[in-house]
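6 protein chains.
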Amino acid sequence: MPSKKYVQGMQEMRKHFGDAADQWIKVIHSIYPEFAKVKVEFPFGELYSRDVVDDRTRELCTVAALTVQGFALPELKVHMKGALNTGSSKAEILEIITQMIAYCGFPAATNSLSAAQEVFNEIE
Amino acid sequence: MPSKKYVQGMQEMRKHFGDAADQWIKVIHSIYPEFAKVKVEFPFGELYSRDVVDDRTRELCTVAALTVQGFALPELKVHMKGALNTGSSKAEILEIITQMIAYCGFPAATNSLSAAQEVFNEIE
Amino acid sequence: MPSKKYVQGMQEMRKHFGDAADQWIKVIHSIYPEFAKVKVEFPFGELYSRDVVDDRTRELCTVAALTVQGFALPELKVHMKGALNTGSSKAEILEIITQMIAYCGFPAATNSLSAAQEVFNEIE
Amino acid sequence: MPSKKYVQGMQEMRKHFGDAADQWIKVIHSIYPEFAKVKVEFPFGELYSRDVVDDRTRELCTVAALTVQGFALPELKVHMKGALNTGSSKAEILEIITQMIAYCGFPAATNSLSAAQEVFNEIE
Amino acid sequence: MPSKKYVQGMQEMRKHFGDAADQWIKVIHSIYPEFAKVKVEFPFGELYSRDVVDDRTRELCTVAALTVQGFALPELKVHMKGALNTGSSKAEILEIITQMIAYCGFPAATNSLSAAQEVFNEIE
Amino acid sequence: MPSKKYVQGMQEMRKHFGDAADQWIKVIHSIYPEFAKVKVEFPFGELYSRDVVDDRTRELCTVAALTVQGFALPELKVHMKGALNTGSSKAEILEIITQMIAYCGFPAATNSLSAAQEVFNEIE
Chain Y
1 MPSKKYVQGM QEMRKHFGDA ADQWIKVIHS IYPEFAKVKV EFPFGELYSR DVVDDRTREL
61 CTVAALTVQG FALPELKVHM KGALNTGSSK AEILEIITQM IAYCGFPAAT NSLSAAQEVF
121 NEIE
Chain E
1 MPSKKYVQGM QEMRKHFGDA ADQWIKVIHS IYPEFAKVKV EFPFGELYSR DVVDDRTREL
61 CTVAALTVQG FALPELKVHM KGALNTGSSK AEILEIITQM IAYCGFPAAT NSLSAAQEVF
121 NEIE
Chain R
1 MPSKKYVQGM QEMRKHFGDA ADQWIKVIHS IYPEFAKVKV EFPFGELYSR DVVDDRTREL
61 CTVAALTVQG FALPELKVHM KGALNTGSSK AEILEIITQM IAYCGFPAAT NSLSAAQEVF
121 NEIE
Chain W
1 MPSKKYVQGM QEMRKHFGDA ADQWIKVIHS IYPEFAKVKV EFPFGELYSR DVVDDRTREL
61 CTVAALTVQG FALPELKVHM KGALNTGSSK AEILEIITQM IAYCGFPAAT NSLSAAQEVF
121 NEIE
Chain X
1 MPSKKYVQGM QEMRKHFGDA ADQWIKVIHS IYPEFAKVKV EFPFGELYSR DVVDDRTREL
61 CTVAALTVQG FALPELKVHM KGALNTGSSK AEILEIITQM IAYCGFPAAT NSLSAAQEVF
121 NEIE
Chain U
1 MPSKKYVQGM QEMRKHFGDA ADQWIKVIHS IYPEFAKVKV EFPFGELYSR DVVDDRTREL
61 CTVAALTVQG FALPELKVHM KGALNTGSSK AEILEIITQM IAYCGFPAAT NSLSAAQEVF
121 NEIE
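Chains as they are written, first to last, in the working numbering: chain Y, 1 to 124; chain E, 1 to 124; chain R, 1 to 124; chain W, 1 to 124; chain X, 1 to 124; chain U, 1 to 124.
Keep in mind that the hints were calculated from the coordinates and are not lab data.
Check each hint, because a few of them may be wrong.
For chains that are exact copies, the list does not tell them apart, and a pair is met inside one copy or across any two.
For lysine-lysine, the following DSS-like pairs were computed, each having C-alpha atoms within a straight-line distance of at most 27 Å [to be verified]:
hint	residue 1	residue 2
1	4	90
2	26	81
3	15	77
4	15	26
5	81	5
6	77	26
7	26	5
8	81	4
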């Protein structure tokens, strides 16, 4: 039986990603159930479900953070959708990616820009 | 004579960092003037002076990004002050650092937490 | 009242770090209690308390991982003590750091080597 | 004529990777022979051939290290096979990847989890 | 109307990349015009157009830097062409990649080696 | 008795760093002799002693690479001295650091700029 935190985490995930949340966790669960468990319970059941910062700001911060990492493109694309679903516009996402040039340089920011285009194309 | 973008950049920097902006640039200028020039003109004269995203959100995103890098502590401390000056609370900064655990793990996030404490101590 | 996972996590931490565990969490708690909570509950109450891999191997893997990051020196020093406490020798720690040269190059590995020396000096 | 260290390195590599070792070096040699030479001589002829730490622990530490880097997927997949060949189980590899969430966050760990699945599928 | 710095930047880019410069910027412009603007104006209109260091050395330094990042392969491939166009040989590029093993380890350097092979194949 | 490659490596190191080479290796040797051995034999006895690229270009590339890493300040300071000793000027070093802003952003480049100032102050 899933923990209370798991149930809360899945609810939080669906607020950010819609049905894609269940799909994402199903794939991870098929590889290693413990990974899927902590993926739901820790960031979404614990961190994101606290109301100190609103979901819209949280998702933009995550887009910024994953942009500077440079290698986090699959996770970044999920959170770009999360940013759109929590009230940010495409222009705001593109602007934050552009701002990140100052903190990670062009190569990582360009990787993120390409990811944004793929996400926007998928959605249309 | 400073470029139009430099003047605009210094104004933007003072909005974020107060008098510390001039101090910061003076130190960098004494090491290499060209570095100081692009530090003012590019992020602040160009990127931050655009109004697509508000300054408060921009500074929180920068705090998130510098947290995941792990090594950017001097710059991170400047932007934590920028976050406070543009309307974020200490609690919001600490919450974003905590959220970043999910994206960079504990070591980088703990480096950032220590930096936050130093900033809060300096201010008091 | 602390959660069951928190209690379990503190027990696990004391197995790895002795009394230093309580000291470490107390410092973090004084900055942001939520950060301290997840620091205990997630890696130690959840990940390390699973018995699929023994503690000795886990701590050496963490030393390897923090070595390649290059910037994680405060956390790395804690886990070097954890490695010693869970049955690794100084020679094994130094050998793993040396092995990591192949994966992160000399600069990050040399940062880790200096950290090891500080830890060994502290202990004596 | 290959150096003594090169011969020793190729023997060590075959212990870890079987026939895939020769294939891997052949590809690198076709791009730049000097790179292939140091790839064999340095990590395998020098570092791995020392007996301070056993091969099984070494390979798990390498999997941990390459997981936190986030971008090292081709090399990581080779060392996941090395981990299996030196006595680790799939469950141990997946558990170490999951442990690394605490040190590199979910994006890098998820990249590694996907790589593990590809390796396990290839093997079957 | 493009700024003076934009015009100067496009001229500099064409010196490094030939017609591919216009193609590269066109793709970025179609995703976000502001990103394309600063991509031309800042590194090429400002940094590269200064004559303190010659273009050949600048491009090799950029190849070195992008090699150690590990994740910057699309940008790295562009600058490998830039290195060839500004007077470096294939052997020099391969040698710098090999030198970088000492600073970033084999995984990032091997990613860069594969990128070099793709670039050399494209050109022939 | 030291290997032929070790002797060659120490000669190469003294060409780059003067007497500081012996001092540097002595410190590392006191922590772990095997680390010191490979530090001399691999980058300096093997990589730098090849004549495909001249020492001046090699050292500038290393300064570029360590700048983008952000965390490699002790090693970076050694190679800034190596760059000066192999014929680069202070201005060229500062210019390459400034160029790197485009590839790693301001935080890492600013760390490197501060390191450069420390090196220049030490030398005077």
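Hints, verified against the model:
no. : hint    : in the structure
1   : 4 / 90  : neither (34 Å within a copy, 29 Å between copies)
2   : 26 / 81 : both (18 Å within a copy, 25 Å between copies)
3   : 15 / 77 : within (16 Å within a copy, 33 Å between copies)
4   : 15 / 26 : within (17 Å within a copy, 34 Å between copies)
5   : 81 / 5  : within (23 Å within a copy, 32 Å between copies)
6   : 77 / 26 : both (17 Å within a copy, 23 Å between copies)
7   : 26 / 5  : both (17 Å within a copy, 25 Å between copies)
8   : 81 / 4  : within (26 Å within a copy, 35 Å between copies)
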